[in-house]
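Construct the entire structure; sequences and hints are all you get.
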Amino acid sequence: MIKHLLSGGDLDADTATEILDTAAEMATVAGREIKKLPALRGRTVVNLFYEDSTRTRISFEAAAKRLSADVINFSAKGSSVTKGESLKDTALTLQAMGADAVVVRHPASGAPHRLANWVDGSVVNAGDGTHEHPTQALLDAYTMRARLGRLAGLSVAVVGDVLHSRVARSNVLLLSTLGAKVTLVGPPTLIPVDIAGALAPGTDVSYDLDSVLPNVDVVMMLRVQRERMNDSYFPSAREYARRYGLDGPRMRRLPEHAIVMHPGPMNRGMEITAEVADSPRSTIVEQVTNGVSVRMAVLYLLLGGNNR
Amino acid sequence: MTAYLITSVSVVGAAPTDLLIRDGVVAAVGPGLTAPDATVVDGTGLVALPGLVDLHTHLREPGREDAETVESGSRAAALGGYTAVCAMANTSPVADTAGVVEQVWRLGREAGLVDVQPIGAVTVGLAGERLAELGAMADSAARVRIFSDDGHCVADPKLMRRALEYVKAFDGIIAQHAEEPRLTEGAQMHEGEVSTRLGLIGWPAVAEEAIIARDVLLAEHVGGRLHVCHVSTAGSVEVLRQAKARGVRVTAEVTPHHLLLTDVKAETYDPVFKVNPPLRTAADITALRAALADGVIDVIATDHAPHAVEDKECEWAYARPGMLGLETALSIALDVLGPEWDLIAERMSRTPARIAGLTGHGVDPAPGVPANLTLIDPAARRTIEPAELASRSRNTPYARMTLPGRIVATFLRGEPTVLDGKAVK
Numbered sequence: 001m002i003k004h005l006l007s008g009g010d011l012d013a014d015t016a017t018e019i020l021d022t023a024a025e026m027a028t029v030a031g032r033e034i035k036k037l038p039a040l041r042g043r044t045v046v047n048l049f050y051e052d053s054t055r056t057r058i059s060f061e062a063a064a065k066r067l068s069a070d071v072i073n074f075s076a077k078g079s080s081v082t083k084g085e086s087l088k089d090t091a092l093t094l095q096a097m098g099a100d101a102v103v104v105r106h107p108a109s110g111a112p113h114r115l116a117n118w119v120d121g122s123v124v125n126a127g128d129g130t131h132e133h134p135t136q137a138l139l140d141a142y143t144m145r146a147r148l149g150r151l152a153g154l155s156v157a158v159v160g161d162v163l164h165s166r167v168a169r170s171n172v173l174l175l176s177t178l179g180a181k182v183t184l185v186g187p188p189t190l191i192p193v194d195i196a197g198a199l200a201p202g203t204d205v206s207y208d209l210d211s212v213l214p215n216v217d218v219v220m221m222l223r224v225q226r227e228r229m230n231d232s233y234f235p236s237a238r239e240y241a242r243r244y245g246l247d248g249p250r251m252r253r254l255p256e257h258a259i260v261m262h263p264g265p266m267n268r269g270m271e272i273t274a275e276v277a278d279s280p281r282s283t284i285v286e287q288v289t290n291g292v293s294v295r296m297a298v299l300y301l302l303l304g305g306n307n308r
Numbered sequence: 001m002t003a004y005l006i007t008s009v010s011v012v013g014a015a016p017t018d019l020l021i022r023d024g025v026v027a028a029v030g031p032g033l034t035a036p037d038a039t040v041v042d043g044t045g046l047v048a049l050p051g052l053v054d055l056h057t058h059l060r061e062p063g064r065e066d067a068e069t070v071e072s073g074s075r076a077a078a079l080g081g082y083t084a085v086c087a088m089a090n091t092s093p094v095a096d097t098a099g100v101v102e103q104v105w106r107l108g109r110e111a112g113l114v115d116v117q118p119i120g121a122v123t124v125g126l127a128g129e130r131l132a133e134l135g136a137m138a139d140s141a142a143r144v145r146i147f148s149d150d151g152h153c154v155a156d157p158k159l160m161r162r163a164l165e166y167v168k169a170f171d172g173i174i175a176q177h178a179e180e181p182r183l184t185e186g187a188q189m190h191e192g193e194v195s196t197r198l199g200l201i202g203w204p205a206v207a208e209e210a211i212i213a214r215d216v217l218l219a220e221h222v223g224g225r226l227h228v229c230h231v232s233t234a235g236s237v238e239v240l241r242q243a244k245a246r247g248v249r250v251t252a253e254v255t256p257h258h259l260l261l262t263d264v265k266a267e268t269y270d271p272v273f274k275v276n277p278p279l280r281t282a283a284d285i286t287a288l289r290a291a292l293a294d295g296v297i298d299v300i301a302t303d304h305a306p307h308a309v310e311d312k313e314c315e316w317a318y319a320r321p322g323m324l325g326l327e328t329a330l331s332i333a334l335d336v337l338g339p340e341w342d343l344i345a346e347r348m349s350r351t352p353a354r355i356a357g358l359t360g361h362g363v364d365p366a367p368g369v370p371a372n373l374t375l376i377d378p379a380a381r382r383t384i385e386p387a388e389l390a391s392r393s394r395n396t397p398y399a400r401m402t403l404p405g406r407i408v409a410t411f412l413r414g415e416p417t418v419l420d421g422k423a424v425k
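Chains as they are written, first to last, in our numbering: chain A, 1 to 308; chain B, 1 to 425.
Certain hints may be false.
Pairs of lysine-lysine, DSSO-like flavour, derived with a Cα cap of 30 Å [said to hold, decoys possible]: (1) A/K36 x A/K88; (2) A/K88 x B/K265; (3) A/K35 x A/K65; (4) A/K3 x B/K265; (5) B/K244 x B/K158; (6) A/K181 x A/K65.
Computed spacing ranges between beta-carbons, pair by pair [claimed, not checked]: (7) B/G63 x A/A96: 33 to 41 Å; (8) A/M229 x B/A136: 45 to 53 Å; (9) B/G63 x A/M229: 38 to 46 Å; (10) B/P386 x A/A96: 41 to 49 Å; (11) B/Q242 x A/A13: 22 to 30 Å; (12) B/A141 x A/R226: 51 to 59 Å.
Because the hints were derived from the structure by calculation, they are not lab data. What you are looking at is a predicted structure, and each value in this text was computed from that prediction instead of being measured. From the three backbone atoms N, C-alpha and C, an ideal C-beta is built for every residue, glycine too.
What follows is the structure, encoded as structure tokens:
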């Protein structure tokens with residue numbers, strides 16, 4: 001098993017599949033009356049959050065607690081350039097406290113990589129800047145596999161603000177490793193340069209959502225911040241929604257079996273309409289449930305729970 | 001004053017000869033010289049170059065003496081083979097008045113390790129809004145001729161035009177940090193495949209090229225002298241090539257790091273590789289090396305940028321840009337260009353001295369010229385250890401790399417500043 005989970009690219013197909021299989025076992029715990037395993041008793045997991053993200057933090061917290069780990073929530077606002085303790089000093093503090101794993105969310109891309117240099121425990125990237133969010137990609141893959149029965153050969157469209165999306169980067173890397181075909185869809189201003197060369201050679205790019213929809217098994221809508229229009233990425237929220245939002249008529253262009261995903265939180269009316277979000281095709285609530293199972297699997301495997 | 005007799009030394013790559021240094025000048029050049037009163041320096045296997053001249057050094061004093069001082073930076077320069085450095089204006093307070101440039105100039109004289117030639121700011125406080133008192137700085141004891149807002153681009157085209165025009169009165173030169181600020185908001189590294197993978201905001205090559213293209217046209221229009229700092233892209237080279245062919249009065253520099261390192265270094269997220277302009281691609285390096293050889297790029301300048309540990313030991317996005325350069329520049333040049341001594345002398349000594357108007361520097365050793373020279377052992381190889389550098393800072397991107405060449409001695413007006421590879425004071 002790898003020591004840290006910093007990027008979707010850290011996982012080869014075997015390791016990723018092991019995590020997904022383990023997550024499936026963990027999911028059975030959630031169905032029990034007592035939702036707890038003793039696997040990580042006596043181990044300490046620190047949730048180090050430099051950004052507000054209640055949903056991700058409580059998902060990791062629930063995962064660690066269901067494995068009987070001791071959980072410390074460390075909410076650190078500010079950064080080394082504003083006042084406050086530097087990341088390195090915080091890392092040394094966590095090290096001194098004997099953290100076995102540090103789950104870190106940070107607004108700066110690469111902060112978990114820096115942290116991994118300064119602590120002995122495992123580092124789990126819970127979202128860094130506009131870089132990656134590997135456990136989100138794992139829970140997305142888990143959800144696709146649960147719904148569609150496989151990952152190899154699936155055609156997945158990832159739609160929206162790919163440029164600023166850590167979810168998109170991790171998904172492209174992980175899905176490509178697991179044999180799915182990814183098409184990134186969005187306005188050209190929100191598709192980063194050289195994306196196929198940067199992440200995975202087979203990745204396609206399209207600026208036309210309608211032409212992509214009939215041929216996909218999965219459409220994953222990314223959150224798009226309205227404020228991006230102030231930086232000229234698109235003219236208005238209305239035009240964005242018209243060209244790249246998923247509404248009922250567009251959803252009906254999908255194949256019968258296709259599913260609609262969203263990492264949340266949603267901007268209803270912007271990238272997705274209520275009709276789509278609340279439809280049977282939508283896996284949005286399942287993704288949240290699966291998030292806990294996948295994060296249990298990650299913590300369990302990183303902390304060597306399978307070797308005991 | 002002590003006399004020095006350097007024996008069997010190759011002057012700029014020529015057959016070995018002897019050099020006698022006396023009273024601050026080169027007294028004699030030729031085989032078989034004798035001087036009983038002189039201290040003998042065995043030059044066997046060494047190459048003598050005119051002392052190196054850096055057009056682009058950040059000495060950090062006044063304001064950030066924790067990162068570097070005029071004295072520590074001067075010592076680093078001497079150890080790197082330099083006899084003159086041009087100190088950039090982005091200090092605190094900014095070198096935008098006669099008072100500050102004279103202070104830096106005086107500190108350089110007191111340190112006495114290299115000639116410190118202050119560069120004045122183009123605009124008050126580097127704010128890019130109104131011209132600093134360029135004439136007052138030119139007339140000061142520091143006799144400023146190069147003006148630069150380096151760290152910031154003089155982005156306003158009208159202000160840039162006026163600056164290029166105004167300094168003609170005293171044969172001044174505007175050294176531009178070419179970076180269109182609207183195209184680089186929040187930028188962290190070169191925009192390309194690697195920035196996409198790392199999720200860091202890109203600094204597109206066009207942000208540099210667009211400003212250079214504009215500025216060469218402005219310089220042409222007003223007949224002013226333009227110098228382009230730290231050229232980093234293949235596209236910039238082409239813009240410069242065309243401008244020079246038209247006869248525009250433009251010169252350009254490239255840094256050692258832009259000749260050797262690529263954006264792939266960012267993959268570690270170690271901010272020691274964060275610099276502005278950012279490290280580019282292998283294709284850019286190829287174009288820059290070719291331009292250096294054919295003269296489209298005139299000068300290698302270090303952009304020596306010391307930073308305190310806490311400004312680098314942090315998240316990439318929060319780190320300050322810049323890397324050390326003075327103590328490694330010659331080795332990088334040797335690594336990149338090979339033992340092309342005349343070319344190295346041209347790009348690191350003669351031409352920068354001419355651009356800066358430093359008349360005592362950049363002159364090959366010959367009877368009667370000021371004895372500003374450096375001795376290099378080209379056969380030596382050394383492994384760079386940050387803790388061993390003379391700079392107060394440790395942010396070298398070459399840590400633990402093994403590089404060719406070692407500075408054995410440096411003479412400033414006949415007095416050694418470095419002997420046996422060690423600073424004399």
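Task: Hint numbers not upheld by this structure, sorted from lowest to highest - done: 1, 6, 10 and 11
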